[in-house]
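K.L.:
Single-letter residue listing:
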Amino acid sequence: MSKDQVIEPNVVVREEDQEVLGPWRIAWNKFKKNKIAMAGLILFVIIVFAVIFGPIIMGQSVNDFDFAAKGQGPSLSHLLGTDEQGRDVLFRLLLGGRISILVGVVSAVITVLLGVIIGGAAGYYGGLIDNLLMRFTEIIYSLPFTPMIIALGATMMWVEGNIKMIVVSFLIGLLSWPTLARLVRGQILSLREQEFMQACESLGLSDFSKIFKHLIPNVLSIVIVNATLSMASAILTEAGLSFLGMGVTEPTPTWGNLMQLARDISRFQNMPWTWMPAGVMCFLTVISINLVGEGLRDALDPKDVR
Amino acid sequence: MSEQVKDVQVGPNGKKVILEVKNLTKHFPVGKGRFNKQFVKAVDGVSFRLYEGETLGLVGESGCGKSTLGRAIIRLHEPTSGEVIFKGENVLAKSRKEMRKLREDMQFIFQDPYSSLNPRMNIYNILSEPLVAHGYFKRGNELKEHVLELMKKCGLPPYYCYRYPHQFSGGQRQRIGIARSLALDPTFIICDEPVSALDVSIQSQILNLMMDLQEEQKISYIFISHDLSVVKHISDRVGVMYLGSIVEIADKDQIFNNPQHPYTMSLMAAIPKPDPNEHLEMSMIKGEIPSNVNLPSGCKFHPRCPFAKDICKQTDPVEKEVAPDHFVKCHFAGEFNVKTED
Amino acid sequence: MAELVRNKKLLDVRDLKVYFYTEKGVSKAVDGNNFRMYENETLAIVGESGCGKSVTAMSILGLVDEPGKIVDGSIVEYEGKNMVGMSDEEIRDIRGNEISMIFQEPMTSLNPVFKIGDQIMEAVLLHEDVTKEEAKARAVEMLTLVGIARPEKVVTDYPHQLSGGMRQRVMIAMALACNPKLLIADEPTTALDVTIQAQILSLMNDLKKKLGTSIMLITHDLGVVAQMADNVNVMYAGKVVETAPVKELFANPKHPYTKGLMASMPSLNTEGGRLATIEGSVPNSLYLPKGCYFADRCPNVMDKCRESQPPTCKIKSRHHVSCFLYEDVDLNKKEGK
Numbered sequence: 001m002s003k004d005q006v007i008e009p010n011v012v013v014r015e016e017d018q019e020v021l022g023p024w025r026i027a028w029n030k031f032k033k034n035k036i037a038m039a040g041l042i043l044f045v046i047i048v049f050a051v052i053f054g055p056i057i058m059g060q061s062v063n064d065f066d067f068a069a070k071g072q073g074p075s076l077s078h079l080l081g082t083d084e085q086g087r088d089v090l091f092r093l094l095l096g097g098r099i100s101i102l103v104g105v106v107s108a109v110i111t112v113l114l115g116v117i118i119g120g121a122a123g124y125y126g127g128l129i130d131n132l133l134m135r136f137t138e139i140i141y142s143l144p145f146t147p148m149i150i151a152l153g154a155t156m157m158w159v160e161g162n163i164k165m166i167v168v169s170f171l172i173g174l175l176s177w178p179t180l181a182r183l184v185r186g187q188i189l190s191l192r193e194q195e196f197m198q199a200c201e202s203l204g205l206s207d208f209s210k211i212f213k214h215l216i217p218n219v220l221s222i223v224i225v226n227a228t229l230s231m232a233s234a235i236l237t238e239a240g241l242s243f244l245g246m247g248v249t250e251p252t253p254t255w256g257n258l259m260q261l262a263r264d265i266s267r268f269q270n271m272p273w274t275w276m277p278a279g280v281m282c283f284l285t286v287i288s289i290n291l292v293g294e295g296l297r298d299a300l301d302p303k304d305v306r
Numbered sequence: 001m002s003e004q005v006k007d008v009q010v011g012p013n014g015k016k017v018i019l020e021v022k023n024l025t026k027h028f029p030v031g032k033g034r035f036n037k038q039f040v041k042a043v044d045g046v047s048f049r050l051y052e053g054e055t056l057g058l059v060g061e062s063g064c065g066k067s068t069l070g071r072a073i074i075r076l077h078e079p080t081s082g083e084v085i086f087k088g089e090n091v092l093a094k095s096r097k098e099m100r101k102l103r104e105d106m107q108f109i110f111q112d113p114y115s116s117l118n119p120r121m122n123i124y125n126i127l128s129e130p131l132v133a134h135g136y137f138k139r140g141n142e143l144k145e146h147v148l149e150l151m152k153k154c155g156l157p158p159y160y161c162y163r164y165p166h167q168f169s170g171g172q173r174q175r176i177g178i179a180r181s182l183a184l185d186p187t188f189i190i191c192d193e194p195v196s197a198l199d200v201s202i203q204s205q206i207l208n209l210m211m212d213l214q215e216e217q218k219i220s221y222i223f224i225s226h227d228l229s230v231v232k233h234i235s236d237r238v239g240v241m242y243l244g245s246i247v248e249i250a251d252k253d254q255i256f257n258n259p260q261h262p263y264t265m266s267l268m269a270a271i272p273k274p275d276p277n278e279h280l281e282m283s284m285i286k287g288e289i290p291s292n293v294n295l296p297s298g299c300k301f302h303p304r305c306p307f308a309k310d311i312c313k314q315t316d317p318v319e320k321e322v323a324p325d326h327f328v329k330c331h332f333a334g335e336f337n338v339k340t341e342d
Numbered sequence: 001m002a003e004l005v006r007n008k009k010l011l012d013v014r015d016l017k018v019y020f021y022t023e024k025g026v027s028k029a030v031d032g033n034n035f036r037m038y039e040n041e042t043l044a045i046v047g048e049s050g051c052g053k054s055v056t057a058m059s060i061l062g063l064v065d066e067p068g069k070i071v072d073g074s075i076v077e078y079e080g081k082n083m084v085g086m087s088d089e090e091i092r093d094i095r096g097n098e099i100s101m102i103f104q105e106p107m108t109s110l111n112p113v114f115k116i117g118d119q120i121m122e123a124v125l126l127h128e129d130v131t132k133e134e135a136k137a138r139a140v141e142m143l144t145l146v147g148i149a150r151p152e153k154v155v156t157d158y159p160h161q162l163s164g165g166m167r168q169r170v171m172i173a174m175a176l177a178c179n180p181k182l183l184i185a186d187e188p189t190t191a192l193d194v195t196i197q198a199q200i201l202s203l204m205n206d207l208k209k210k211l212g213t214s215i216m217l218i219t220h221d222l223g224v225v226a227q228m229a230d231n232v233n234v235m236y237a238g239k240v241v242e243t244a245p246v247k248e249l250f251a252n253p254k255h256p257y258t259k260g261l262m263a264s265m266p267s268l269n270t271e272g273g274r275l276a277t278i279e280g281s282v283p284n285s286l287y288l289p290k291g292c293y294f295a296d297r298c299p300n301v302m303d304k305c306r307e308s309q310p311p312t313c314k315i316k317s318r319h320h321v322s323c324f325l326y327e328d329v330d331l332n333k334k335e336g337k
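Protein chains in written order, with full-length UniProt numbering: chain A, 1 to 306; chain B, 1 to 342; chain C, 1 to 337.
Warning: the hint list may mix true and false statements.
[What the hints assert, rightly or not] Short, incomplete list of chain C residues facing chain B, as computed with Cβ under 7 Å:
id, residue
1, Ser49
2, Leu162
3, Gly165
4, Val194
5, Thr195
6, Ala226
7, Gln227
8, Lys247
9, Glu248
10, Met265
Hint data in this document are derived by calculation from the structure and do not stem from the laboratory. Glycine residues also receive a C-beta, built at the ideal position from the N, C-alpha and C atoms.
Isolated chain A (complex conformation) (with noise of 0.2 Å):
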């Protein structure tokens, strides 16, 4: 038996009453901290509050037109107006911001997979697999983004609305992935030199825990970071290419299509309630996404959880 660790007993309270906080919590202690990037949180999840129980509680469909209330401006029964087809702007609003705020999802959780699978295969397995699925990578990371994905998008404008908003996130989905696979090739690279990786082998462990109980928990902080920030430039793009008419179209709204509004003049000088909200909401998501993203990628910064 060691007797090495002879321990006062003053030292056993102390060490004992330290707190034992796991590497999760301890990022979760980091970003709580990081007021920006809490404010950031707490915006996005009032606006996706709003999307997905606004339109619950307003009680109206897409198709409810107030003829009688034609191009009106706020008021108490329309807060933010109705636009020329006597439609509740706020509503549309709303209905519009989930949409924006699923293709955004749908599309980030694309990119993930597509990214963690490709690059996780590349960097595990190694020689001819890597170099032809980095080869591959390079491929679709090389194809110019927003010409590809306006082309894309005009070549499937007979897509109805409902099913157009399921094929614009994959459109994105399929042409982001290629940084993140990257980015995820190259940690996994150096976890492999990583000498508890080499422990994992000489204990003789299955592939299966291998990566899933090691290499992956590596990876996630890298992972979880470049979702949120590609889901905010999905949403991005989404209102970029329904602001062109290529992406989602009336009657479905999302933010980009209510923006696409200002492009009439007369709409873009008397009629600001139609189209500035989206803008603004579109505005506000982002920036939120955006510092949640940033706050994450300090709280999860691996140099510090030693």
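Keeping the supplied structure of chain A fixed, place chains B and C upon it in accordance with the hints.
P.N.:
Just chains B and C now, kept in the frame of chain A:
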């Protein structure tokens, strides 16, 4: 098992041979040239035996291939050629699945206490993982008791159980690493510089712990280190490596009192003695270690050797047994009369 | 070494305190250090990692960065100027010129994109009024001095073309290029192999004799201390616990920590087998106890050790220990100081 189980061999001192390494070689390709491929000869034809319950120290300077040798033995690096026979079984002929089983009995302790533990797992998970993976325990109370027992053995108090590696000092982390390697109750452990990242006062704690565990559990160690004085304390036999080969291997007393290879002698002379009255012998050894891509001709040590003669430049010396179980790779082995002690 | 006649005082460090203000609290890296350095001597500062030995050196060079701060004390150089509180410009004038430093990892302290010669010349040109040709000649001369064969070739090499031992020689050449009075060497041989270490250590000893530069040697290796030092400071948790001339320290160690350190160090001179240990580990510098910092690990701990800080007792001339055990033999008290 498909392997023929050979007779367990017995060494000249009557001890059982637990591990036999024959002509083990590990070359790493360097450069991307498709035609003139060059190789780093990290381990270049190493043979030795390890007896049951003993500690074999492997010393050498950086780049001598000692870590690669350790890793090649348990196939963390796949050897280029050679044979490794562990308890009568040919390790290099095992399939991945058979290897996994065999690894229960041969473990590794790593040098860097910071990178050798997964930062996202707590101590309990780190220690219980191999036990569950090899089917010794299901998750539950029994497992927990076993893990706590293991921690106690390595001098870790039970309340450390749910802490994460970043909350520990280097010495405590190294204890965790040792506990992990003991989890599967191995009879053979390769220790790759386990104390060189630690402070002196912590280093001695860890060395003592390792010696206690060896006594308790009859473990055989291969102890890799760059520090001759550490090796002197823990080893029964010592092998000295230079540029991928073992140049001298013998009993501890033989090596320290009667070194026969000029490299062993200069290595000992170069260690600063903790005694201000004894002056550092201005090292006999000149220059620096050559790259192991283009090895020197003949004896690899000749460019730095103070006693080099013409023959050393031309032919690589063969291993000579100068005393029972004392092997030296030098043309002039046995002809030196250098006493280091007294 | 002159035992009776002491050389001129080079550096006088009084009550130095360097604290790091971190998120988790105040870390007392150096907590009341006192020592003097004399011309032509080698002072070794020994201690384990985190004992504040490197921070002491950094504060002498004015290199303590945020969140660290020198909160108290003085560092008086040989001309009587206090270096604490000096302007950046004044410090920069001293740094490299009168006091220079070499580090543990020679690769990271050399700039990888500049040639060796240019890096040495830069140091010379910065501090001395010489032409480029003279500076270059100096660079070659310095490289010759540190035992580099074919210095004319090496000046045009880049750091990555040199081996670890060569790089450390270059670092020494660079540090000595302006003929400083004091060379601070922070673990100069820790990253090197023993045979190369022996070469570098003997080079440093030779240069000290030749150039008369004092050396402050920061190390954790008692073997290196024994071979190199004239005087030794043993540091523990930010404090100097024992200071003595090297022979006196090794023959007659007093502080329980010094004794423990010596006993726990494996050496070629001792028999193998179990080593003596110092139980436990170094206290966290954020939560230091109010008594002696070594009390928790000390085999001779008494009640009063946990209550207050130990006094500095004089054992002999130039041998001082901070420990309650030696209160009775304290010469300071007997001499009525």
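K.L.:
Let me make sure I understand: some of the numbered hints might not hold for this structure. Which ones are they, in numerical order?
P.N.:
Numbers 2 and 9 - these are the hints that the structure violates, sorted from lowest upward.
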